[in-house]
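Kindly generate the complete structure, drawing on both the sequences and the hints.
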Amino acid sequence: VQLQASGGGLVQPGGSLRLSCTASISIFDFSAMYWYRQAPGKQRELVADITSGGTIFYTDSAKGRFTISRDNDKNTVYLQMSSLKPEDTAVYYCNALGSSRLGRRSYWGQGTQVTVSS
Numbered sequence: 516v517q518l519q520a521s522g523g524g525l526v527q528p529g530g531s532l533r534l535s536c537t538a539s540i541s542i543f544d545f546s547a548m549y550w551y552r553q554a555p556g557k558q559r560e561l562v563a564d565i566t567s568g569g570t571i572f573y574t575d576s577a578k579g580r581f582t583i584s585r586d587n588d589k590n591t592v593y594l595q596m597s598s599l600k601p602e603d604t605a606v607y608y609c610n611a612l613g614s615s616r617l618g619r620r621s622y623w624g625q626g627t628q629v630t631v632s633s
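Residue 622 in the numbering used here sits at position 107 of the sequence shown, with consecutive numbering throughout.
To be clear, the hints were calculated from the coordinates, so they are not data collected in a lab. Hints are supplied without guarantee of correctness; some may be wrong.
Straight line, CA to CA, 25 Å or less: simulated SDA-like cross-link-like pairs of lysine to any residue [unchecked claim]:
| id | residue 1 | residue 2 |
| --- | --- | --- |
| 1 | K578 | S633 |
| 2 | K600 | S576 |
| 3 | K600 | V631 |
| 4 | K600 | G626 |
| 5 | K600 | G556 |
| 6 | K600 | Q553 |
| 7 | K589 | S546 |
| 8 | K600 | P528 |
| 9 | K600 | I571 |
| 10 | K557 | S576 |
| 11 | K578 | P555 |
| 12 | K589 | R619 |
| 13 | K578 | Q628 |
| 14 | K557 | Q527 |
| 15 | K589 | Y551 |
| 16 | K600 | A577 |
| 17 | K578 | P528 |
Right, here's the structure in full:
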């Protein structure tokens with residue numbers, strides 16, 4: 516099982532980016548999918564998650580600015596980020612929790628760098 520994250524880059528404050536996380540298998544095989552981020556010198560933190568049933572959770576830092584969504588046909592989860600701030604600068608990682616069929620394993624994608632700077 517592989518997760519491929521993409522979409523990071525350099526953006527000015529107030530700008531937008533859309534991150535993608537594409538799985539090598541059907542995302543219905545995951546109980547939930549998550550976006551985390553890790554800023555330099557800080558611990559990795561949860562940003563948002565979406566369950567297989569479509570339930571969504573955002574941390575306070577993401578509420579109102581970020582939108583997580585999924586495209587089941589493309590086996591992809593997105594994180595649309597808007598009104599970006601310099602403090603959003605981090606490496607963003609996608610994570611997926613396997614269903615019982617996958618032994619409830621946790622899978623990580625490689626990170627994608629997001630830099631918010633003028």
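Verification of the supplied hints:
| no. | hint | result |
| --- | --- | --- |
| 1 | K578 x S633 | holds (23 Å) |
| 2 | K600 x S576 | holds (10 Å) |
| 3 | K600 x V631 | holds (6 Å) |
| 4 | K600 x G626 | holds (19 Å) |
| 5 | K600 x G556 | holds (18 Å) |
| 6 | K600 x Q553 | holds (15 Å) |
| 7 | K589 x S546 | holds (17 Å) |
| 8 | K600 x P528 | holds (5 Å) |
| 9 | K600 x I571 | holds (22 Å) |
| 10 | K557 x S576 | holds (15 Å) |
| 11 | K578 x P555 | holds (22 Å) |
| 12 | K589 x R619 | holds (22 Å) |
| 13 | K578 x Q628 | holds (20 Å) |
| 14 | K557 x Q527 | holds (22 Å) |
| 15 | K589 x Y551 | holds (21 Å) |
| 16 | K600 x A577 | holds (11 Å) |
| 17 | K578 x P528 | holds (17 Å) |
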